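Q: Here is how the chains run, residue by residue.
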Amino acid sequence: MEKVKITKFMPTIKQMKDMVIKEVTYLEKHTNSRFTVTGRRIPKWGTWVNNWRSTPYIYKWSKEEEAILPKHYVDRCRDFMTRDQIPIHWRPNPARYRTDEDSGERIPVVNLPVPIVFPKECNLGLWGGEGIIFGYYKKDIPKKRLKLGTYPRLWRPYLQKKVLYSEILDRWMSINITPRTLHLVDESFGLDFYILKTHEVDLCSRLAMTLKREMLLALVRKSLYPDDPLKREKVYNKYKSFIIPEEEAEWIGLSGDDAVEKAKKLQAEQNPPQPLKNLYLVELLRRLQLDNPKVGIVSKVNPFKSKDGETTSR
Amino acid sequence: MFSGDLCRNPKQIMATTLGVLRVCVKCLRPPTKRLGRLCVVSAVSKQQQRNHTIVMERVFPLPAGKDGGLPHPNDVNETHKILRHVEIVEYPTELACILTDYVEGIGIRGDLVKVKKEVFHNDLYPAGLAVYASPENIDEFEEERKAKGIDKSEMRLGVFARMAIKELNHMHLEIPMNDKVEWTLDKQHVQVAFRTQGIELLEECLVLPEEPISTFQDLVVKVWINGLESVDVKATIVPISQKFAPAKAVKK
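For the record, the sequence lines run as chains H and A.
Position 112 (the first sequence) corresponds to 123 in this note's numbering; numbering is contiguous.
Position 21 (the second sequence) corresponds to 379 in this note's numbering; numbering is contiguous.
Only chain H is shown next, with the shape it has when bound in the complex (with noise of 0.2 Å):
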């Protein structure tokens, strides 16, 4: 086939099933597309970016930035960066190869998610995972079928506003959440559990991230229920599965800014600055030692002793 000029930006589906099927292509001038399907794009710094899926939050820094940050914090955010999530908006295929329905051909399976977006918005509530979908859509009705185009659509997520209970911070919260996050939730039989066993890559907010921080760190410090001290040994048995160290529990869901910030804080504290005068003492001592060390600084410093010094020596 000869290639087709067209002035319209989305081509009809059959020219769509021509470009697959027998390889022409109508969109030369138009490569890049409305939205990419990649998430997002790190040219500079992290080697461990995974294309294929969008997050709601990316951590990102220096390389010098990098040298003051502890350990087991870096560890998490490279395992939050590359892992997969949790398929929720599409279902992986189990088969390897798939044969094709004209030519009969096999050919390998690739199972990668659906264009996702997650908003800012995203950040402020428990989503559990979902965002809006971006794509195409025809409608299937089949007498209309050959006259209804495609058309780019967006499927968004049904969100409610609902009061749940936390029982380690002892608080009623009223937080954006969709059924996903209520049957979660009701599964593991409490927000507490929810938010303590699940990854970070499937929990998809920075709100969960700073409750989590919250419960691990009174866990630690054992400040819950500051009145009740019955209560208090009831609920800390109950979640006794999940406590880690306090140094590593004070650094889980800081954004990548507050925690360099804080590693240049507890840096200063370490190394404080030293006053200039020490240091000149010292080196003028040793200074003094290196020109004749036989001899004592005060028989060299002493104007009395030099004579008979030097007559009682030789």
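Heads up, a few of these hints could be off.
Only some residues are given here: those of chain H computed to face chain A with a beta carbon under 10 Å [to be verified]:
1. TYR84
2. LEU123
3. GLY139
4. ILE144
5. PHE145
6. TYR148
7. LYS149
8. PRO153
9. LEU159
10. THR161
11. PRO168
12. LEU175
13. SER177
14. LEU193
15. SER199
16. GLY201
Hints were generated in silico from the structure; no laboratory data involved.
No experiment lies behind these values; they were computed from the predicted model shown.
Think of the CB as a built atom: it goes at the ideal place given N, C-alpha and C, for glycine as much as any other residue.
Once you have looked at the hints, place chain A on chain H.
A: Just chain A now, with coordinates in the frame of chain H:
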């Protein structure tokens, strides 16, 4: 994010609509920026309620890369974003929970019951009337039941017994008796009277006043439920000709 701050202020909505109109009248060119604002205002309509996540699928599957691996980003095309629906799996609407107190119409303390999710999250859990049915909680309530010595659940007053008590308290019983023949009130008369009102019970649970009754008057009948609790039911004895009048009399 989908319904902006404009929706809350009616004055601003008026201002935007007027602004759009003015632009349209002055120059016959479609407004560019303001139409977007209008769309935000008109998109206030409610989102469809649903209890599932959307699952999509590619119409044209992705091509394989080298050695059947991931494809190069340049190989991916606009066609690979055409999607279609996969079968929908809804999340369960009911939830199992343990009650910590008597709730009318649902159960008593320690019962493991199934309720709707909305009822649990909006009413029971915030009020402290129910907890999640986790294995730890189930063990806790079973130990409590054994410590109290209540083994048979049949002996206790259940939900329906309590509902029956409430219904009997509001009830007024009418006992029809013959006014031409002499009689003394019996347990069977009362049982029949209850049956006409829609309640069936045994003779054993009825207790009549000690003095024999043979005239039309008001009285109080005691009813024992499961042999544990008693209810006083107010009753009056009515002549049968008044209550069940003959059909001819009605026609006249």
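Q: List, from low to high, the hint numbers that the structure doesn't satisfy.
A: Of the numbered hints, 1, 8, 9 and 13 do not hold.
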